[in-house]
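These are the residues of each chain, in order.
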Amino acid sequence: QVQLQESGPGLVKPSETLSLTCTVSIYSISSGHYWSWIRQPPGKGLEWIGSVYGSVYHSGETHFNPSLKSRVTISVDTSKNQFSLKLNSVTAADTALYYCGRRVTGAYFDFWGQGILVTVSS
Amino acid sequence: QSALTQPPSASGSPGQSVTISCAGTSSDVGGYNYVSWYQQHPGKAPKLLIYEVSVRPSGVPDRFSGSKSGNTASLTVSGLQGEDEAYYYCSSYAGTNNHVVFGGGTKLTVL
Chain F
1 QVQLQESGPG LVKPSETLSL TCTVSIYSIS SGHYWSWIRQ PPGKGLEWIG SVYGSVYHSG
61 ETHFNPSLKS RVTISVDTSK NQFSLKLNSV TAADTALYYC GRRVTGAYFD FWGQGILVTV
121 SS
Chain D
123 QSALTQPPSA SGSPGQSVTI SCAGTSSDVG GYNYVSWYQQ HPGKAPKLLI YEVSVRPSGV
183 PDRFSGSKSG NTASLTVSGL QGEDEAYYYC SSYAGTNNHV VFGGGTKLTV L
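Residue numbers (my numbering), protein chains in the order written: chain F, 1 to 122; chain D, 123 to 233.
Quick caveat, the hints were computed from the structure, so don't treat them as lab data. All clues given are correct.
Within a straight-line C-alpha distance of at most 35 Å, the following computed DSBU-like cross-link-like pairs (lysine-lysine) qualify:
1. F:86 <-> D:169
2. F:86 <-> F:44
3. D:166 <-> F:13
4. F:86 <-> F:69
5. F:69 <-> D:169
6. F:80 <-> D:166
7. F:44 <-> D:190
8. D:229 <-> F:86
9. D:166 <-> F:44
Cβ-to-Cβ under 8 Å is the rule here; a few derived chain F residues that face chain D:
10. 46
11. 47
12. 63
13. 65
14. 106
15. 107
16. 108
17. 110
18. 112
19. 113
20. 115
By construction, the Cβ of each residue, glycine as well, lies at the ideal position given by its N, Cα and C atoms.
Put together the whole structure using the sequences plus the hints.
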């Protein structure tokens with residue numbers, strides 16, 4: 001059973017950079033699959049942010065939601081079995097529950113973290 | 123890319139069947155057999171219910187079934203139980219740039 005755990009600040013100031021890390025247990029990121037970030041604003045639906053491929057053969061290959069692409073960086077650290085999200089120039093609209101998840105080739109997410117609430121406020 | 127379209131709510135009595143639709147385009151739902159469905163209870167992370175249109179992961183009851191016709195996918199919950207009351211989200215692969223798009227979610231109420 002793959003386990004994922006999000007970590008990072010729960011409060012970020014407007015215009016600053018949101019930074020989160022997802023630690024993966026029991027499964028090696030470098031074994032493959034797309035490691036992904038998904039967010040859910042309070043009371044709203046899910047939004048795919050982006051994914052990074054974990055295999056050593058395509059390590060670092062990334063794909064992003066076009067609406068967020070200009071502000072997002074997703075990277076992987078295979079030595080720590082972690083992947084990270086950076087979202088810059090945040091506004092109140094970026095306030096959300098942020099989930100990390102494993103995305104399988106068929107574009108579905110089979111394992112999810114518990115989520116971390118990030119509030120953008122001064 | 124636009125979000126997939128789901129009805130905001132659905133309901134049914136215990137034992138009945140309910141179908142939730144997920145409308146997309148030929149660039150996502152209609153173009154690939156990569157539609158998935160998730161169940162989310164309040165305060166919990168989403169749980170995978172169906173992948174590749176109609177495949178159930180191990181442990182998901184066969185009361186949950188998925189299908190697709192053209193640009194619209196559907197999730198059917200048969201033999202409704204109280205524990206099925208939750209939000210349901212569809213998702214689809216959305217093209218060669220490896221994009222993924224979600225639906226807006228449907229709140230299922232068991233009357």
